[in-house]
Amino acid sequence: MNAPNVSGMLMLILPEVVLSVGAMITLLLGVSGADAGRSHRAAMAALATAVVGVVLAIGMLTGAPLAPGTTFIANDGFRWTLTALLCAGTGAAVVLTEAYDRRAGVARAETPALLLLAATGMTLLTAARDLMVVFLGIELMSLATYVLVAMHRTSARAAEAAVKYFLLGAFSTAFLLYGIALVYGATGSMQLEGIGSAVASGAKLPGLLMAGVALMLVGLAFKVAAAPFHLWTPDVYDGAPTAVTGFMAASVKAAAFAIFLRITAEAFAPLLADWHPVLWVLAAATMVIGNVLALGQQQIKRVLAYSSIAHAGYLLVAVVSFSAEGATALVFYLVAYTLATMGAFAVLVALSDGTDRPLVRQDLAGLRERHPWLALAFAVCVLSMLGFPLAGGVGFFAKWQVLQAALQASVPQQTLAIVLVLSSVVSGGYYLGLIAPAFMQSPVPAARPIPAPPTGVRAIAIACAVVVLVLGVLPSSLTRLAQRSAPSAFAGGPTVATTIQP
Amino acid sequence: MSAAVLLVALVAWPLIGAALIAVLGRSGEGDSSSGIDARTLALGVFGLEAVLAIVLAVSVHATGSAWLATADAAWIPEIGARFSLGADSFALVMVVMSALVLPFSLLATWNEVAKRRPAYFACLSAVASGLMGVFLARDLLLFYVAWELLLIPMYFVVGVWGGTAAPRAALKYFIVTTLGSLLMLVAVVYVWNAAGGISFAYDALAAARMSDAAARWCLAAFLLAFLVKAPLLPLHSWLPDAQREAPTMGALALGLKVSTFAIARVALPLFPAAALAEPMRGTIVALAVAGIIYGALLAVVQPDLKRLVSYASISHVGLVLLALFAFTPTGAQGAMLLMINLGITTSALFILVGIVGAQRGTFAIESLGGVATQAPLLATAFIIVTMSAIGLPATNGFIGELLSFLGSWRVYPVPTLVAIVGVVLAAVYLLSAMQRVVFTASADVRPFRDLDLRQSIAMGAFVLAIVWLGIGSAPMMRMLAPAAERIAARQLPEGRVNFQGDGPVALGTEGAR
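Chains as they are written, first to last, in my numbering: chain F, 31 to 532; chain E, 50 to 562.
The set of hints was computed from the structure by calculation and includes no laboratory data.
Yeah, the Cβ is synthetic: ideal placement off N, Cα and C, and Gly gets one too.
Just the calculated beta-carbon pair ranges, DEER-fashion: (1) E:258 - F:441: 17 to 25 Å; (2) E:498 - F:402: 31 to 39 Å; (3) F:322 - E:335: 28 to 36 Å; (4) F:493 - E:126: 21 to 29 Å; (5) F:479 - E:505: 50 to 58 Å; (6) E:246 - F:485: 40 to 48 Å; (7) E:159 - F:402: 23 to 31 Å.
My request is simple: use the sequences and hints to build the entire structure.
Below you can see the structure in the form of structure tokens.
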């Protein structure tokens, strides 16, 4: 692999360049011009940047065949599909945070700028093939997100959430960094490819390597909120501004899964027999714990927080399947999950009254009468998370892909598949608990009148629901895209997976 | 119109109709918004659906293939799913029966639901689409989607338009049936994968190479999904709750025998060998027989008329399952006739119970009574439908029960005897309920209104069907005979019929074939 020249190198990180330049412009717009509308102009600039990111990524996907990347930046379908997804998620988050902050009276230009910076980190994570780049991406994403959680400075709950998130996030980053150091010590390489070949040829210091892998997995499990490393999630999701919660639940999680899959596929594949049982247990525990604990929650954001933990469990099943099918399922699932999560959170943003009072199920009562279209969109998105066919649209095929990957793995994972569907049945209890009040109860008078939801928020909710429904009837295009997006490490077939013990 | 177009239209039209009702419909009196009365629209949707079903039924001709009509189009080529529909004689009769029950039920319950009529009828219309999809699918993924399509609109029908305890009953219904269908989903993926992961066509999947144990587990998952919804004994408790709370049309749609159809059409032919395996088969038969007696006994002591009908239908499902799992052609034919006739009779019973209950505001049998003196038409309909539910000769209920018993007697003599006891019990609870409602004067002396014109037309149609199928079911039995042979031999319609044993009863077939 030749070292590309400077312009080739820049082309490889073009989305990251665009996003970070966009972030600077957004910040500048936030301090220039007339006071009125500053934050709005900044948000529009951020939205435009995110759209450019989407267009760039789609252009790479649909354009000429991808040139091979370098040893530290990947240039494959996996990267570009997820980059498009993450930029789209960021764009939606820009619109939602602006509406939410405006309602709370704290609209600032820093929020969209921070979202773009987080997006830069996230897109780096989809591309990273070197542990330094991984670390860079994770820190960029995480630091921006810590601040986003704390943006509502007068809210004690947000402050608490931010401190909690920051401390635990820093803690998990320390695990990851320590793991990176040990893996480097054991293999002498920072590049995933180099680590992979060093491990395959037998590490000189197996104990050191194992410790490094374990620490890295712990760090990554923190980031994707897998049980038992999920404890921060409900509190942080609950305390953060609702729109930021949506961003974290959808995009931050997707980015963390992107790098999770790439590291396991490219660097740790030869050690599959060692980490496979660990992830197996993590996946099963995450599905069960997320779904069961969600049942008892009254606050909607906590329900969705635990539900996002459960979804992390489903996604881990795709990782554990460790095959091209598993990677396909992961990409497919992330698209479906992002759509459903963004749609549902858009409805929650539309319903928030501008205070940091937590939304409870009662706030959804009579939603059908107040906002029939939002109620329908909410139902579709929630049913999509449940994985219901037709009414839940693409969510069903997402579950299908994961089940297919689990059963087609070189060692079929029937038990995980059954744990998945049984815990999904449990999830029916709380998902319907969100839909039922919207359709079966009369509205209760709100303590504070809730203004009509802004057009952008409604558009996002309804667009997400429509795309969910359309892809739920005609999933072919997304299936093909996801199939093209498996990382190249899986291209050779399941040869590396033969070492899994059942 | 070609048969393929009709098949697609049967599935798609109710979905289009649901959208039309939701968008154009208006709630009726007191709703000043522009639009068409949702009930009129729904009647149009269901009416056209019935016409489509009848046109399909008269336009198909027996061909060499068992499929009388097929339609096929690409759907998701990546996983081999096709939009593939087909009707054999059994599916055709179920389609016609369901498509006819819906518009007449709507006529009979014209004023029952007052709030948010457009959404109500849109949900019911979506249910109709799901029903047709289950009956007509030839692709397992399509079948699964149609099967699940039944669930969400029905959840809303029960939960939103039901009685006071409805949201809870609806949730119970949803969770219990989802448990079954998600385990079935794992089995679907497994079978599809075992068959090479390239096709969902029933016959391709039936050829999947699987170990005996895997086939048994998969069959168990399919049967669990279907038997939960049937319902079979220990899994039945959601049904009386849901049917008691649901509005009449919801209750009767829950009572259409979709799940037993699915057992005969999907579960048994996909796993022909596993279906014979013990202890599953014996367990199902034992539970079916227990359900016959248990449902009947609960119906005997039931003070609530609507729950009584619900328990009666649990008891009746036991008969269908016993006949089906005997795997004799006669038994299969009896089971099919029972499914069709129970669909008609139970629907008529729910309608009558709804009419009587709505007038008194309660379903407590002790508060109902004296229909005969004040509402002669209502009383007559009540008596005829009750006779049909008991299985009196010359009503539609008789021939199905008789054939079921004949078919299961050879294989399961003792369970059949117990089942016959259950039928005697049915006479006890149905006759005593009828007697108390129709003839005994109750403490409540408010007068009963008789059937109005719409209700008279609807009940007239039901009574006509009951009598006609009671004395003239020979053509239908001839039609169903080959399908019954296939079920007994656990063959898919395209498979080769290969069975030994007693032949199906085909009255008057001499010279006809």
